[in-house]
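Asks: Listed here are the chains, written in short residue letters.
2 protein chains.
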Amino acid sequence: MYFSKSFIPILKNNPTEAKIKSHQLMLRTGMIKQSSAGIYSWLPMGFKVMKKIEQIVREEQNRVGVQEILMPTIQSSEIWKESGRYDDYGEEMLRIKDRQNREMLYGPTNEELITEIFRSSVKSYKSLPQLLYHIQWKFRDELRPRFGIMRCREFYMKDAYSFDISDDEAFYSYNKFFLAYLNTFKRMNLSAIPMAADTGPIGGNLSHEFIILADTGESKIYTDKRIFDVDSSKTTIDKNSLNKLRGDFEKYYSVTDEKFKKDDFEKNVLKENRLQTKGIEVGHIFYFGDKYSKPMNASVDYNGKKEFVKMGSYGIGVSRLVGAIIEAKYDDKNEVMKWPTSVSPYDCAIIPNINKNDKTNLERAVNISKTLIKNNFEVLIDDTEENLSSKIKKFNLLGIPYQIIIGKSFSEQKIEFKEIHKDTIFISIEEIIKILKNKK
Amino acid sequence: MYFSKSFIPILKNNPTEAKIKSHQLMLRTGMIKQSSAGIYSWLPMGFKVMKKIEQIVREEQNRVGVQEILMPTIQSSEIWKESGRYDDYGEEMLRIKDRQNREMLYGPTNEELITEIFRSSVKSYKSLPQLLYHIQWKFRDELRPRFGIMRCREFYMKDAYSFDISDDEAFYSYNKFFLAYLNTFKRMNLSAIPMAADTGPIGGNLSHEFIILADTGESKIYTDKRIFDVDSSKTTIDKNSLNKLRGDFEKYYSVTDEKFKKDDFEKNVLKENRLQTKGIEVGHIFYFGDKYSKPMNASVDYNGKKEFVKMGSYGIGVSRLVGAIIEAKYDDKNEVMKWPTSVSPYDCAIIPNINKNDKTNLERAVNISKTLIKNNFEVLIDDTEENLSSKIKKFNLLGIPYQIIIGKSFSEQKIEFKEIHKDTIFISIEEIIKILKNKK
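Going down the list, the protein sequences come from chains A and B.
274 is the number that this note's numbering gives to position 274 of the first sequence; each next residue is one higher, with no gaps.
254 is the number that this note's numbering gives to position 254 of the second sequence; each next residue is one higher, with no gaps.
Honestly, I wouldn't trust all of these hints.
Any copy will do: because identical chains look the same in the list, a pair fits if it lies in one copy or spans two.
Unchecked claim - Restricting the straight-line Cα-Cα distance to at most 30 Å, the calculated cross-link-like pairs of lysine-lysine (DSSO-like) are:
1. 244 - 422
2. 251 - 422
3. 440 - 414
4. 393 - 418
5. 338 - 440
6. 52 - 5
Derived by calculation from the structure, the hints in this document are not laboratory data.
Just so you know, these numbers come straight off a predicted model, no measurement behind them.
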């Protein structure tokens, strides 16, 4: 793709309305554009990142046996009245009357609707467990939307739901998601730690938040450093292995300020292991038993007896992760972003120095891009006539992790190649391909 | 995937509320579930088909150089007041007040919002053309939603928009979409014909509908049969080649009842070439010049002069295509569906005859599935204990185009293999793989 043909409306300076670095960078590099308060359009650079995140989330859900469906954005109020949450939810719920004057709403979450689908389709415990997810737009009418897509009104979320016959089986489902979440964030090069959490308006008594560290995070966190060394790479999808994994994490004190108690922290964590910092919530899982199945009468036949199913729900903020990754990875002092290779909008940037009457470097760039494209890499060529230093400044913000720079002293055998945050090296195209393949 | 583990809530009989065959089949095979009037959830079988259609649509947009973005579902009323359509749109527009009492709406289409994005980002004619698309949920508050997802309220649509400096350039953009649409429908094994159409609430004076033939179609169509022989396979993306293609189609009389005039039909089409039948609209493209750019002040600098950009818009009903394909391909007399291989929820079904105390055939099925999965095919195994004839009846409805049947007389060298609508053959697994690869 040529930069001049792509729709990347770059801003010269940080927009004054943006208070945190993800919001600043996303506006500045044309990833998003606000359409109204807390509602954004995703332009090509932002869209590509979000789609790659979505695909990783999807693959890790599929891997632990969750099936994908898609529920609508607009729901009827009826099922929310059944669960008792219609009045509870307050003004954050966007309430709508249709032309027939029926009470509808834009779904802020989907416990009710999935329970309705389940109860009308599944009759016997033999069809359990059922694990279902969807990735769909949600709306929460925040009083003060701010921080760009980090605290917006219309947001893109993966929410999954589990249905089981007993607590024991339900914990097994819960732990599958626990593992899937660790793997999901790991693939985005984020170290997310699971923390015991309050359940809030979802309900229930077992819950973990997955938090990534970022100085600009909205939650204070208190944890035992050793939690970062817990290894999930050998965990398999069976009850014992998953139980052990959760146990390994739960050995270490790790909470957000909501649950923080100074005495507990100091009693349970040796001074040298105490870490007190800030983080961003990127996932949240809940177990709430029959909180919805009972009032909504979602039961199965269990050897002639009617049993209410035990449910959990499991969320990942897909659009929010775009911002969270920036908060974790963007060096705003030096104005340098580096996307994890798995979610970068392009695999490699090619930055030729182009003079008005000399297209030699552009042709070199095109030739190199053809070789990379043949090897299945996505490439962005800066074909504009800006000077080289301002091009590089721009690409440092765009954050594509690898740059090929084509200047005066170009040589086919020694191409100028730079991985962001590392030293420039001079290597052949074959060596570049080897590096890109290795990192992908 | 095992049938018993998958979420496919099959109904024994046709649901009485469904009047047309796509609606019947989709409810009966558990592809969708209504959540409220004209609003549906997509269960795994329906979701898989829709996602495959979406991906084909995406690839063909990308191929002609359209860039993907994503606009939100909820829009501000402001921009609709600028274009003058806020009042025009009537009760089909779902109007919403947020907690701050701002007038919002659920987008039924996106001409206004894309124009707003364009005008705030693009300043010079040198950045033209700009071709942008998104695939997003839309809402039209139909007075009488019916026919399942064919005339529903919340629907999934690809809409694209073009911005050009002149009519001539804009026609070039229009024709790129014309070609992309032909290729899109061809990949779904549909013969869609472009027909001159009215422009309705979108506006403008150049417009084509893409119609596929189906006895149950909502539009009457009148056409010269020879239009089916127009060949687009050699068309390339340049002005002359695309112009020729549109000309080749426009040589033949071809209209829906809206534009039908008996005299013209009889004057222009020889008796033996006249075809009068029914069809379903699956795509619609519009050219409307400065209809939106002028009132919304979307202009570019053209050598010091301010020029309003010339715009077109281009829609494909992604969710609607699921139903349209069923209308075109489902033999409801014999209760046999066959999905085009490019959009089938699975590549191959494996149907073993399983007796209560003998799992031999299930093991055979699992072994065959492993070989197919290794070759990148998606496989659905019916591991239930239903009798074989009712399994086959069920799979004929599910419409996976290839079936492997494992009965009493199973032989590794002569596996019973059936392509729907064709005769059963007995071949080896290697030959099966060859056939599946060929058709994919």
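Asks: Next, verify each hint and record whether it holds.
Replies: Hints and how they fare:
1. In this homomeric assembly, residue 244 and residue 422 never come within 30 Å of each other (Cα to Cα): the closest approach is 38 Å inside a single copy and 53 Å across copies.
2. Taking identical chains as interchangeable, the C-alpha atoms of residue 251 and residue 422 are never at most 30 Å apart, the minima being 37 Å within one chain and 61 Å between chains.
3. In this assembly of identical chains, the alpha carbons of residue 440 and residue 414 lie at most 30 Å apart only when taken from the same copy (23 Å versus 42 Å across copies).
4. Taking the closest pair of Cα atoms, residue 393 and residue 418 come within 30 Å of each other only inside a single copy of the chain (13 Å); across copies the shortest separation is 60 Å, beyond that limit.
5. For the identical chains of this complex, residue 338 and residue 440 are intra-copy neighbours only, at 14 Å inside a copy versus 38 Å across copies, given an alpha-carbon limit of 30 Å.
6. For the homomeric pair residue 52 and residue 5, the shortest alpha-carbon distances inside one copy (22 Å) and between copies (28 Å) are both at most 30 Å.
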